[in-house]
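A.B. asks: Listed here are the chains, written in short residue letters.
Protein chains: 2
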Amino acid sequence: MMVLITYDVSFSSEDGKARLRRIAKICQDYGTRVQYSVFECDIDPAQWVRLKAELLATYDEEVDSLRFYILGKSWRSKVEHHGAKAALDLFADTLII
Amino acid sequence: MMVLITYDVSFSSEDGKARLRRIAKICQDYGTRVQYSVFECDIDPAQWVRLKAELLATYDEEVDSLRFYILGKSWRSKVEHHGAKAALDLFADTLII
Chain A
857 MMVLITYDVS FSSEDGKARL RRIAKICQDY GTRVQYSVFE CDIDPAQWVR
907 LKAELLATYD EEVDSLRFYI LGKSWRSKVE HHGAKAALDL FADTLII
Chain B
857 MMVLITYDVS FSSEDGKARL RRIAKICQDY GTRVQYSVFE CDIDPAQWVR
907 LKAELLATYD EEVDSLRFYI LGKSWRSKVE HHGAKAALDL FADTLII
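As you go down the protein sequences, you meet chains A and B in turn. First residue of the first sequence? That's 857 in the working numbering, and the numbers climb one at a time after it. First residue of the second sequence? That's 857 in the working numbering, and the numbers climb one at a time after it.
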């Protein structure tokens, strides 16, 4: 399943920057950063349970905002990217190692 | 149709802040801001053509990033919001005027 994660982390509280780093790190462990605070995570349901629990244990529900979009199977045909920093398309771009 | 729009606008070029304001304004004309640079636009295909054209005419393809996600009909059951600034749900929240 493809889960799109978007977030706003507030710097109004002291540890805002630390929370931002931790949230980005958690998302990075499970998926691809496609924009500054937008991640695409191709994961199975068990991973999704863990990822969500880690994020909800990390963010500050008073001041931060987390949004999760479960994209359908044909999500790839319904996404368009324009401009800089196109995500590395793990499914199409061949990795030359 | 529900179109999710996410963007990163770079401040590296001079008119970055102006572009950010214009891009946000364009999205606001067509939809709901759900996070700082995330909008949900419930529009018809003709509106989508106009919205996309306005955005592509405004952003700087060298340094900005625009992502469009066409969400399926049942998108509302596949979105979760946690934390601050829940979007006004135009479909469920009754507006008392």
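By construction, these hints were calculated from the structure, which means they are not laboratory data. Treat the hints with care, since some could be wrong.
A pair counts as met if it fits within one copy or between any two copies, since identical chains are not told apart.
Said to hold, decoys possible - Here are the computed lysine to aspartate or glutamate pairs in the DMTMM-like style, where the Cα-Cα straight-line distance is at most 20 Å:
#1 K908 to D864
#2 K929 to E918
#3 K881 to D871
#4 K881 to E917
#5 K873 to E917
#6 K873 to D916
#7 K881 to D864
#8 K908 to E936
#9 K929 to D916
#10 K929 to E870
#11 K934 to D898
#12 K908 to E870
#13 K929 to D871
#14 K934 to E870
#15 K941 to D916
#16 K873 to D898
#17 K941 to E918
#18 K934 to D916
A.B. asks: If a hint holds in the structure, say so; if it does not, say that too.
C.D. replies: Cross-check of the supplied hints:
1. In this assembly of identical chains, K908 and D864 lie within 20 Å of each other by CA distance solely inside one copy; the values are 16 Å within and 24 Å between copies.
2. Taking the shortest alpha-carbon separations for K929 and E918, neither the intra-copy value of 33 Å nor the inter-copy value of 31 Å comes in at or below 20 Å.
3. Taking CA atoms no more than 20 Å apart as the test, K881 paired with D871 passes inside one copy only; the shortest distance there is 15 Å, against 31 Å between copies.
4. Proximity of K881 to E917 under the C-alpha cut-off of 20 Å is restricted to the intra-copy arrangement: shortest distance 18 Å within a copy versus 27 Å between copies.
5. Proximity of K873 and E917 under a CA criterion of 20 Å is satisfied intra-copy only: 15 Å inside one chain copy versus 28 Å between copies.
6. Taking identical chains as interchangeable, the C-alpha atoms of K873 and D916 lie at most 20 Å apart only when both belong to the same chain, with a minimum of 12 Å there against 27 Å between chains.
7. In this assembly of identical chains, the alpha carbons of K881 and D864 lie at most 20 Å apart whether taken from the same copy (15 Å) or from different copies (19 Å).
8. In the homo-oligomer, the alpha carbons of K908 and E936 lie at most 20 Å apart only across protomers (11 Å), although the nearest pairing inside one protomer, at 25 Å, exceeds that limit.
9. In this assembly of identical chains, the alpha carbons of K929 and D916 never lie at most 20 Å apart, being 31 Å within a copy and 31 Å across copies at closest.
10. Proximity of K929 and E870 under a CA criterion of 20 Å is satisfied in neither setting, with 40 Å inside one chain copy and 40 Å between copies.
11. With identical chains, the CA atoms of K934 and D898 are at most 20 Å apart both within one copy (15 Å) and between copies (15 Å).
12. For the identical chains of this complex, K908 and E870 are neighbours neither inside a copy (23 Å) nor across copies (38 Å), given an alpha-carbon limit of 20 Å.
13. For a Cα distance limit of 20 Å, the shortest separation of K929 from D871 qualifies neither inside one copy, at 37 Å, nor across copies, at 39 Å.
14. With identical chains, the CA atoms of K934 and E870 are never at most 20 Å apart, being 38 Å at best within one copy and 32 Å at best between copies.
15. Taking CA atoms no more than 20 Å apart as the test, K941 paired with D916 passes between copies only; the shortest distance there is 12 Å, against 28 Å inside one copy.
16. Proximity of K873 and D898 under a CA criterion of 20 Å is satisfied in neither setting, with 26 Å inside one chain copy and 33 Å between copies.
17. Only between protomers do K941 and E918 lie at most 20 Å apart by alpha-carbon distance; the minimum there is 9 Å, versus 31 Å within a single protomer.
18. Within a single copy, K934 and D916 get their C-alpha atoms no closer than 31 Å, and across copies no closer than 22 Å, so neither meets the 20 Å cut-off.
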